[in-house]
Amino acid sequence: MSRYTLATSIFNRFTGLGLSLGLLLLVYWLTAVASGAQAQARATHLLSLPVAKLVYAALIIGYCYHFVAGIRHLVWDTGRGLERAQSQRSAWLVVLVSIVLMLVLGWCAFAGAQAP
Amino acid sequence: MSLRSPLGRVLGLGAAKQGVHHWWAQRLTSVALLPLSVWFVVSLLALPALDHATVVAWLRQGSTALLLILFLLVAAWHSQLGVRVVVEDYVHGNGVRTLTLVLLTFVHVLAAAAGVFAVLRVAFGVTA
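One line per chain: the protein sequences are A and B, in this order. With this note's numbering, the residue at position 37 of the first sequence is 37, and numbering never jumps. Numbers given in this note's numbering equal positions in the second sequence, counted from 1, plus 1000.
Keep in mind that the hints were calculated from the coordinates and are not lab data. Predicted model, so just to flag it, every value in this text is computed and none were measured. Treat the hints with caution; some may be incorrect.
[Claimed, not checked] Restraint-style ranges between C-beta atoms, simulated for each label pair:
no., chain 1, residue 1, chain 2, residue 2, range
1, A, Trp107, B, Gly1125, 32 to 38 angstroms
2, A, Gly36, B, Gln1061, 18 to 24 angstroms
3, A, Ser9, B, Leu1034, 18 to 24 angstroms
4, A, Leu93, B, Gly1093, 37 to 43 angstroms
5, B, Ala1057, A, Phe110, 20 to 26 angstroms
6, B, Gly1019, A, Ser87, 20 to 26 angstroms
7, A, Tyr4, B, Leu1007, 44 to 50 angstroms
8, B, Ala1025, A, Gly106, 29 to 35 angstroms
9, B, Ser1063, A, Ala52, 26 to 32 angstroms
10, A, Val104, B, Leu1066, 24 to 30 angstroms
11, A, Gln86, B, Val1096, 35 to 41 angstroms
12, B, Ala1113, A, Lys53, 25 to 31 angstroms
13, A, Leu21, B, Ala1025, 19 to 25 angstroms
14, A, Gln88, B, Gly1008, 46 to 52 angstroms
[Claimed, not checked] Covered stretches of chain A (chain B as the covering partner; in silico rule of three or more C-beta atoms under 8 angstroms from a C-beta of chain B):
no., region
15, 34-48
16, 65-71
17, 77-83
18, 92-101
Glycine is no exception: its CB is placed at the ideal position from the N, C-alpha and C atoms.
Full structure from sequences and hints, please.
Printed below as a string of structure tokens:
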């Protein structure tokens, strides 16, 4: 009956944890950039491995979902949208909007320009 | 016979503690991260390349360094608050939980400091 609330909540936590790891990755990259061209080249080599593409795809999925689901939580904090029918509708809206965002971001990152 | 008073034994055992502050900080950082994270993603994707010269030139623009430092600090704070809740919910046993929280807090502070330090090094031209 309320399985969708469980799923949306768990996935929000799960993506949040993934983004925390993404933050560590960003700090690693910035540290490499600050350590000079050679250090950055070494990091770029590591960050260009095929498996890194999977990590970027996961980060894009995680960011888009966490962003939209987070807005849903902020709306809830104002006391709105808490009726069962409303929250069911917003759960679907979050999934839909985040998938659209994932496709747009994924296209920009992988098809448009080059991936980091 | 313990030397602890009955009051001392129960103080701090309630559920509230720092709850309101945690709740407020979590919301504050969420709202701040909406524009900050969009700025970060868009400007990173807008870079023509990610080689050393391009990235350094990007970081040496005053607005980039400032916004990136803000993003790193707020994201690390938000992450710390979120990870803490997950640990409190899923890690059982007071000793293990406290140790996990201490280590994760250290990791977050270290990540934030290292990130800011790296941006400043590039922005002020200390790097090659």
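Outcome for the supplied range 20 to 26 angstroms, where the beta carbon pair is Gly1019/B and Ser87/A: About 23 angstroms separates the Cβ atoms of Gly1019/B and Ser87/A, which means 20 to 26 angstroms holds.
Assertion that chain B covers the region 34-48 of chain A - criterion: three or more residues, beta-carbon distance below 8 angstroms: Satisfied; 7 residues make the cut.
Cβ separation of Ala1057/B and Phe110/A, checked against the hinted range 20 to 26 angstroms: 24 angstroms, holds
Range agreement (Cβ of Leu1007/B with Cβ of Tyr4/A, hint 44 to 50 angstroms): 46 angstroms, holds
Val1096/B and Gln86/A - C-beta distance against the hinted 35 to 41 angstroms: With a Cβ separation near 39 angstroms, Gln86/A and Val1096/B satisfy 35 to 41 angstroms, so the hint holds.
Outcome for the supplied range 46 to 52 angstroms, where the beta carbon pair is Gln88/A and Gly1008/B: Roughly 48 angstroms apart at Cβ, these two residues keep to the hinted range, so it holds.
Verdict for Leu93/A, Gly1093/B (Cβ pair) under range 37 to 43 angstroms: 39 angstroms, holds
Distance restraint evaluation - Gly36/A, Gln1061/B, Cβ atoms, bounds 18 to 24 angstroms: Between Gly36/A and Gln1061/B, where Cβ atoms are some 20 angstroms apart, the hint holds.
Whether the CB-CB distance between Ser1063/B and Ala52/A falls inside 26 to 32 angstroms: 28 angstroms, holds
8 angstroms C-beta test of the region 92-101 of chain A against chain B, three or more residues: Since three or more residues must qualify, the claim that chain B covers the region 92-101 of chain A is violated, with 0 doing so at under 8 angstroms.
Verdict for Ala1025/B, Gly106/A (Cβ pair) under range 29 to 35 angstroms: 31 angstroms, holds
Whether the CB-CB distance between Leu21/A and Ala1025/B falls inside 19 to 25 angstroms: About 21 angstroms separates the Cβ atoms of Leu21/A and Ala1025/B, which means 19 to 25 angstroms holds.
Comparing the model with each numbered hint stated earlier shows that hints 17 and 18 do not hold.
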